[in-house]
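K.L.:
Under my numbering, the first residue of the sequence shown carries the number -17, and numbering increases by one thereafter.
One or more of the hints may lead you astray.
Said to hold, decoys possible - In the DSS-like style, the derived pairs of lysine-lysine whose C-alpha atoms are separated by at most 27 Å in a straight line are:
1. LYS401 x LYS450
2. LYS450 x LYS494
3. LYS309 x LYS401
4. LYS494 x LYS401
5. LYS564 x LYS577
6. LYS564 x LYS309
7. LYS251 x LYS286
8. LYS251 x LYS164
Please keep in mind that the hints were generated in silico from the structure rather than gathered at the bench.
Keep in mind the model is a prediction, meaning the values are calculated, not measured.
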Amino acid sequence: MHNDSRNKQSLSIVEQFKWVSCHRTLGSECYGSTCALCIQIAFKVVLKLNKIKRLSRLEAKPSTRLRSVFDRRFTREVHKIKEQMLKLLLLLPVLAQALDSSFASSSLLEGLTQLMLRPSTNQTTRCGQELLALHAAWQRHEAWALKAFDASGSGYANILMGDAHFLGSRVTCQAVNQLVLKYYTSKQQHLLDNLAPFGFDYRVVYVNATTRFKLRFLHTPTTLMHIGLCVPQSCERDELEQLLRQTLAVQPLEHQYMELQPQLVYTKKPQFVGRFLESRAFRLLITLLLLVLLLTLLSNVLPKGWSRVLDCFHVPSNWQRLSDSSKEIAVINGLRVVAAISLLIIHVTWYSVTSVNQTSGMLKSIANIWLHHPYMPSMLEVFFTISGFLTVSNFLSNRAQLQRLAEQPLSSNLVAYLKSLLQRYLRLVPMQIVLMLLVTVAISYYREVSLLHIHEPLDDYCAQSWWKNALLIQDLFNTDYLCANWTWSLACEMQFHVLAMLLLHLYVHRPKLVRRLVVGILVANLVYSLAFIISLGVQLRFENAYKELTEGFYFNPLVRLQTYAVGGIYAHAHVNGMRDGKTPLDLVLPGRLVKSLASAAVLWVIWQLQLEANDLNTHLIAIAIVIVRLAYSLITLHLILANFSTERCSFVIRWGTQLLQANCFQFLGKLTFTFYLIHPLLVMCFNYGFSYLLPSDFSLWSILSIAYTVICFAVSTVLTLFLEMPFNRLTHLLMSSLATQASNNKIK
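Build out the structure end to end from the sequences listed, making use of the hints.
P.N.:
Structure, rendered in structure tokens:
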């Protein structure tokens, strides 16, 4: 009875170990059985030792008889112990190999092949049989099987800090079936010529692995683990995903340590399929490009002047217009180029993070740029300032138009007002439509061929919200689900133009009222910006600042109105003549002493923000944000005004204006509109084209920024020459035709 209870106890221990083995290993019953057998042998050894101990106690009693019987029993038990120990020693290498292959390996392909060894797994399919053949060849150390395992991603390194890419090697997977280096070397033929007896494909498995130890970032999408697999071609997508779900359900030891809960999202065979060729966006884009190409060819074949519409597509004349900047303010072109390149540097890291690279190194770079170098994101204010300055100065400089509007009643100016809005709308929308088509086609293409998961399906967003971009109202909606969400600033600019032209037409009849309104709008906007930032409770932590500032402040058109209004005020002062050369800033801060004190206060605020003790000072942060944006606007305007009177400027200002007036800046300045539209798309396309993540190295990203700048300006030159400039000339042709028709109607 006592022995039966002990046997039951040993069986319970064996069953418990089998359960642990099945859950800790990759699901192989043979490994669990080996471990259970070792435990059973060890337990028998313990029972035999206890029996010998009882016999020794029996021998120690002085009245014990039958010593010969005792000796025989003792010898027999010792012999049995030796047999059990020998069995245990023979099984230890098998157990060690089992533990080594089960616990140490994190290869998803190995787990997939070991899954096929289970009797419960369907092994009758061609995929299952070829996976079994792969496992057997791997056990025999055949070169083609080793290449398949080597080409597959393995190991989970740095996943807690954001890394999630274990893609293996696509080329090595090709080497399983092809002689990829046959033109390079004739050595080691045993490795190169050993090809698989059946076809292999490279697949990418996307897994959502959740754990409480993994960092979560609010401004980045859910990071999916990317695992490359080199599997037989016979494994269809549905069958492979079913096997992968079973494989991921059995957690290896490292999953238990980190409490990983992997769930398969989907798999993909990255290759060109061409489904996007059937999309409506692709057909529209090809139709547009063919139409432009046809008109361009006709304009260069037919004599100039044969058709005014065809003349708009004449390449030599467009190139001459692109190179001629005699009628423009030279400094403005230089400022546009500097601002555009600064925004590109920001977007190189920003769109790398939002598209593919959410590693801790890239997040550190993003936080460093936005928090410790806020002057770079603030370069966007340069465009709003220039736009406000040019809108007001061009309107007020047209004396004939002002006189004509003044002679008409205010109600009659409505037609002129609507024409000005139509002209501005037609200036912005055509390239916006081209960009939406390019974004849709490009992202659809990379959905097929990219190894990396597309976190932001911009092609779907364009199909759903294209009308918001077409109406230039996308800034009034959540930018997270917009097509080409970086174009929100164009919508702001269009809305500011609507307000500015309304005030300018009113200015013709009520100049004092409009001046007071503009000053009131500026003051109210400054107060609103300060109060709004303070109410958000912004801190110098990028995640907090991004969540609060981006959603409620950065894309807010009311906040951006501030620098646009400052540009308009300076334009009014410039056109009407500044008394004694005094700028609007001189009226607000008269005298050098007041300016020096204001400059010292600005420097003190910036210095205080560098101190870690003020990271949570919301009031100081709000003041700094408003001051930096105003400072950029004022510097931009003073450089523009210095273009007209350099003799009154200091040496630094004169040197800066001369640099911005360089010929290279004049040419590139004509490309900045297209450059601003296209460069985020090019950055994302390059990232989706990579087969691995780039390290967050400063020198590497500096070189990449230079390369992106050159490539983006080259692409912008082509788009500007063949699309933007012809569209602009067509707009001017349409508006002049409307004006001519209106004048003829008046004469009649």
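K.L.:
If a hint holds in the structure, say so; if it doesn't, say that too.
P.N.:
Going through the hints against the structure:
no.	hint	in the structure
1	LYS401 x LYS450	22 Å, holds
2	LYS450 x LYS494	36 Å, violated
3	LYS309 x LYS401	23 Å, holds
4	LYS494 x LYS401	25 Å, holds
5	LYS564 x LYS577	13 Å, holds
6	LYS564 x LYS309	26 Å, holds
7	LYS251 x LYS286	52 Å, violated
8	LYS251 x LYS164	26 Å, holds
Of the hints listed earlier, those the structure fails to meet are numbers 2, 7, in rising order.
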